[in-house]
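S.K.: So the chains spell out like this:
Number of protein chains: 2
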Amino acid sequence: MNLPNSVTVKEVGPRDGLQNEKQFIQTEDKIDWINMLSETGLSYIEITSFVNPKWIPQLADAVQVAKSIKRKKDITYAALVPNERGLQAALEVNIDEVAVFMSASETHNRKNINKSISETYIVLKPVIEQALSAGKSVRGYISTVFGCPYEGEISIDAVLSVSDQLFSLGIQELSLGDTIGVANPKQVEEVLTKVLDRFPREKIAMHFHNTRGTALANVLVSLNLGITKFDSSLGGLGGCPYAKGASGNLATDDLHYMLDQMGIHTGIDQEKLIQAAIFIEEKLGKPLPSHTMQTKRSLCNS
Amino acid sequence: MNLPNSVTVKEVGPRDGLQNEKQFIQTEDKIDWINMLSETGLSYIEITSFVNPKWIPQLADAVQVAKSIKRKKDITYAALVPNERGLQAALEVNIDEVAVFMSASETHNRKNINKSISETYIVLKPVIEQALSAGKSVRGYISTVFGCPYEGEISIDAVLSVSDQLFSLGIQELSLGDTIGVANPKQVEEVLTKVLDRFPREKIAMHFHNTRGTALANVLVSLNLGITKFDSSLGGLGGCPYAKGASGNLATDDLHYMLDQMGIHTGIDQEKLIQAAIFIEEKLGKPLPSHTMQTKRSLCNS
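In order, the protein sequence lines correspond to chains A and B. In case it helps, full-length UniProt numbering puts the first sequence at residues 1 to 302. In case it helps, full-length UniProt numbering puts the second sequence at residues 1 to 302.
I should point out that these hints are in silico values taken from the structure, not numbers from a laboratory. From a predicted model like this one, the values you see are computed outputs, not experimental measurements. Some clues are possibly wrong.
Because identical chains share one entry, a pair is satisfied inside a single copy or across any pair of copies.
Said to hold, decoys possible - Here are the simulated lysine-lysine pairs, DSBU-like style, with alpha carbons at most 30 Å apart:
1) LYS186 to LYS272
2) LYS296 to LYS283
3) LYS296 to LYS111
4) LYS54 to LYS22
5) LYS115 to LYS54
6) LYS203 to LYS22
7) LYS296 to LYS286
8) LYS283 to LYS125
9) LYS22 to LYS186
10) LYS22 to LYS296
11) LYS67 to LYS272
12) LYS22 to LYS286
13) LYS194 to LYS22
14) LYS203 to LYS186
15) LYS72 to LYS115
16) LYS186 to LYS72
17) LYS203 to LYS296
18) LYS194 to LYS111
Bound conformation, chain A alone:
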């Protein structure tokens, strides 16, 4: 194996994790949690989403959260933005990085954002342009890269096509998502090899879900191909397997455990990560599904 010396872990729990949680987490608790995350050594936190609260009531307090957290200089505070209206709100609260999103699957894109893939480019073009003009960095997410709940297999060409368009619109980093957690390491190698033939590895991040237990194996093969950026959600938040609509986010604490044990530098303190996980677990009132948290509870009870 040819492993990198260091990796950037991009914490998406406050957005991708919380957005699937039905129970509203109090705004103050979100703020406290993000402040705790800022003390763990993480250098990137996606704190919220400026979508219409009608679609994600959990993140209706995006402005308040973004305004109220204590920002540390060396941390990038990012937010998801679906359109120009969302961007205006994000810029008003001076978010550091804007993340736009779409799907490699035509059907999933329609179901998720009610637009065709080509219509989505038209919506995202001014968002990306204006964000860049405002001096913000812009990240793009592509979902269903490794499989779609409606279409099944997704061709690598479809992924490359959307990637091309997003980069040509100006995004600086691309996060490839295994939205339904079906990717296997061989497939990751195949897709990533073609992606890295076309784009520099520094611009590619991987966003795995652990729905079928393969996330860290997929991380491993990605590391071996030179990828150094991974998205994850603390405690596997948003991925509780017993909840409806389980998404199975890769847990930051599990990802960090493996990276740390392999001597890969992340700058993150695992103990502080666990403290932050315990905090949000208590607010949620239900166990977080990460292996680290399950093992912690098990060891405490035995």
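Please build the complex by placing chain B on the supplied structure of chain A, with the hints as guidance.
M.R.: What follows is chain B alone, placed relative to chain A:
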């Protein structure tokens, strides 16, 4: 990656899985379950353990189980045997393969079998000799290969030393266990590289636990080094994270999902595997912890 074309999955659920379950599973249910496992395409099933029932009451029905299951010709039915007395029982019921076990950690070995490592060789020598004389194949397990709950790190030399001794006593296959689920892929590569310098890869099996989510990543690096035999427990049985003494066995269904998706032949039918998992889950009366089973429940409920 350089992946093998086919892999042998060694099902250890009826022994390694059940032995951690406090609630006694009725003998008939064990028999029915093993018969279901025999129909899944598995070629190897460790069905019980001939240990003193005082230590593992769950497996007190070893003789009855071994006598009553329907054996298929192309399946190896194995059992754990700690000593000559256990071997006699195993031979009386004509078990196909005998598995002996010890630890790479002096302290763990003492706590687990109440003997020093060198005393254990003396106990195992006649067991292995007599099993071989009776025409049985013999497998050896080494536990705590990647870390010990009492001693912490275990040196590769300690692992090689126990491996040497067991092979010189006559075992034909060696299963290296990550008993407490702490192994990381880099460590697996380091240990396995040295092990494979000394022993042929056909004689080595890996036995990972998923306690910290790394089992399939550890499988992946092992596959890449040419290992084609893996132990696992259906549904992650014996590894329920909410139970005391959670062991976190790698789930056969999760292992098989990844292998199958990568096009690696196992001969196993995933659907039949799931049916067998549902059967034992109902007998246990609590959810099995594998990702496959969690995802199945989640999809059914949503």
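S.K.: Now, for every hint given, state plainly whether the structure supports it.
M.R.: Hint by hint, here is what the structure shows:
| no. | hint | result |
| --- | --- | --- |
| 1 | LYS186 to LYS272 | between (34 Å within a copy, 24 Å between copies) |
| 2 | LYS296 to LYS283 | both (18 Å within a copy, 27 Å between copies) |
| 3 | LYS296 to LYS111 | between (38 Å within a copy, 23 Å between copies) |
| 4 | LYS54 to LYS22 | within (13 Å within a copy, 48 Å between copies) |
| 5 | LYS115 to LYS54 | within (17 Å within a copy, 65 Å between copies) |
| 6 | LYS203 to LYS22 | neither (33 Å within a copy, 51 Å between copies) |
| 7 | LYS296 to LYS286 | both (14 Å within a copy, 20 Å between copies) |
| 8 | LYS283 to LYS125 | neither (38 Å within a copy, 56 Å between copies) |
| 9 | LYS22 to LYS186 | neither (35 Å within a copy, 39 Å between copies) |
| 10 | LYS22 to LYS296 | both (25 Å within a copy, 21 Å between copies) |
| 11 | LYS67 to LYS272 | within (24 Å within a copy, 53 Å between copies) |
| 12 | LYS22 to LYS286 | both (12 Å within a copy, 25 Å between copies) |
| 13 | LYS194 to LYS22 | neither (38 Å within a copy, 50 Å between copies) |
| 14 | LYS203 to LYS186 | both (21 Å within a copy, 25 Å between copies) |
| 15 | LYS72 to LYS115 | neither (37 Å within a copy, 55 Å between copies) |
| 16 | LYS186 to LYS72 | neither (39 Å within a copy, 33 Å between copies) |
| 17 | LYS203 to LYS296 | neither (35 Å within a copy, 35 Å between copies) |
| 18 | LYS194 to LYS111 | within (27 Å within a copy, 51 Å between copies) |
Checked against the numbered hints listed earlier, the structure breaks hints 6, 8, 9, 13, 15, 16, 17; every other hint is satisfied.
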